[in-house]
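Each chain, letter by letter, is given below.
Number of protein chains: 2
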Amino acid sequence: MPSTLGVRGLFAANLTPLLPDLSIDTETLIAHCRWLLARGCHGIALFGTTGEGPSFSVAEKKAALDDLIAAGIPANTLMLGTGCSALPETVELTSHAVARGCCGVLTLPPFYFKRLGDDGLFRYFAELVQRVGDEKLRLYLYHIPQLSGVSFGLGLIERLLAAFPQVIAGIKDSSGDWSNTKAILENFPGFGTFTGWDPYLRDLLRLGGAGAISGMPNINPTGLRRLYETWAQPESDADHRDATRLIELVDAAPPTAGLRAVLAHHTGRESWLIRRPPLQPLDREQHDALIRAVGETGFTLPPPL
Amino acid sequence: MPSTLGVRGLFAANLTPLLPDLSIDTETLIAHCRWLLARGCHGIALFGTTGEGPSFSVAEKKAALDDLIAAGIPANTLMLGTGCSALPETVELTSHAVARGCCGVLTLPPFYFKRLGDDGLFRYFAELVQRVGDEKLRLYLYHIPQLSGVSFGLGLIERLLAAFPQVIAGIKDSSGDWSNTKAILENFPGFGTFTGWDPYLRDLLRLGGAGAISGMPNINPTGLRRLYETWAQPESDADHRDATRLIELVDAAPPTAGLRAVLAHHTGRESWLIRRPPLQPLDREQHDALIRAVGETGFTLPPPL
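Each protein sequence line maps, in turn, to chains W and V.
Everything in the first sequence is counted per the numbering used here, starting at 1 for the first residue and increasing by one.
Everything in the second sequence is counted per the numbering used here, starting at 1 for the first residue and increasing by one.
A couple of the hints might just be wrong.
Remember, identical chains collapse to one label, so a pair may be satisfied in a single copy or spanning two.
To be verified - Quick list of in silico lysine-lysine cross-link-like pairs, DSS-like style, CA-CA up to 30 Å: (1) 114 / 62; (2) 62 / 136; (3) 136 / 182; (4) 182 / 114; (5) 62 / 182.
Since the hints were made in silico from the structure, they are not lab data.
Whole structure, please, built from the sequences with the hints as guidance.
In structure tokens:
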């Protein structure tokens, strides 16, 4: 039973290009989002982990969203990463995204304190939903315990769904643990479950999942869209194999720096290489090795607009 | 060689009282800070981990600091927790603290991304110092890897000290690992090294350390101040023993919820029991057990003003 509450499809967990002064390169961001939508993505998730969301201020994230919409990117293709460590800031960003017409928000749990109980996490999300107080809110839980230090277990998902069935629209499982994704899919049919790891996309769609919100569409939107459309047919084998090979190369780079390197190489835009500290680009040797390895697969980016 | 750059002494890592709507109870906060300074603290560190800093917005932290100063709490007794996950917000809070005349800032590393290299962390703090751009800045590194997921190793401290000798004033070591504190004290004589664990205070002062920034002064400012003053004399044994016994009880509670329970019990102010989600107060059973256990030690808070 597919979800009727939320969205489905291929979402790019969008990279954030920067100018040399470490501010967001809005022009390049807009051009990239246009290209992603034209080349296969159903939508774009801004300021997740790949978008280095926690490195940007509330004000910067609001402004970037507004700039994209003003440039003509349809708001209903955009999902905003809104989870801050402080509840009022999460409320502010989430309210902003709803007011602007985003199709959803992708919300990290508060990520400083550790060993939190489900009661406290439930209360946090209940306060968030109530303070935003807008029936248009579609909230996607962002499960990435290796970075947030906080888990959305099945019991917590169940409580949130029971309390806010018209708001809690889905989850992005970036744990990399297929058995966890599978358990969510089996326990909550109709829930909008996304994977952050494209090689799981076919298995997820087979079990009624909603799609992928992942970094790889930043460079491979067309191949992954084809995979999303053809998953039930044998012809999807080639795209599945390519997606797996490509993500394994980039993931070893490490991943966000690797995606930036590939995009910089193919577009010639330096903005993809600039990261806000404490994050750093690949060093020259890693960069060259990755570009060479990706080149050897025969992969090229879809053409510019 | 004692530090000439920064401050020394007993600093309370101040708890943050809340009203039922989860906003800061400014009146109680002001009264508590007055009491802490009158009862033994040299200073107060606002919005650290005990103060649940990451649960409050940049705007709330700035407003609370301003309210305390407006109420007559001397700015130069205040140290502000300024470390956010996004550099621009850390800059904003740090600049605010310097402009208001705080004696220092206690700065967490950015705490979302993990496995960061020293180069990226160095660049983060270098950008922070340069963007604040004020020679009055005194920056204390906040080492609490069990929550931040990020470490200030000796190599990174050395690089920061070499680059910004007039700014990097010290460190608060909340790792609970005495061998780490000792290594810092031995490698950087004159550096303002604070412990977050009072039972280490005597050993730290013996090796030239700067003092304690810890949660326990919230309930035991007088005993800990006496310990700070008499550490070199045998008469400090009783205060050291009491401090150790008390922190072990509260730390098992767990610590911040435990301190809140003791303070609520002794002051009758409910605001100490209210926490912002995802953090939760002790449940009734834990609360009663802690109050009973603390009572059995014979400990009582210093009198109200």
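Violations among the numbered hints, reported as their numbers in ascending order: 5
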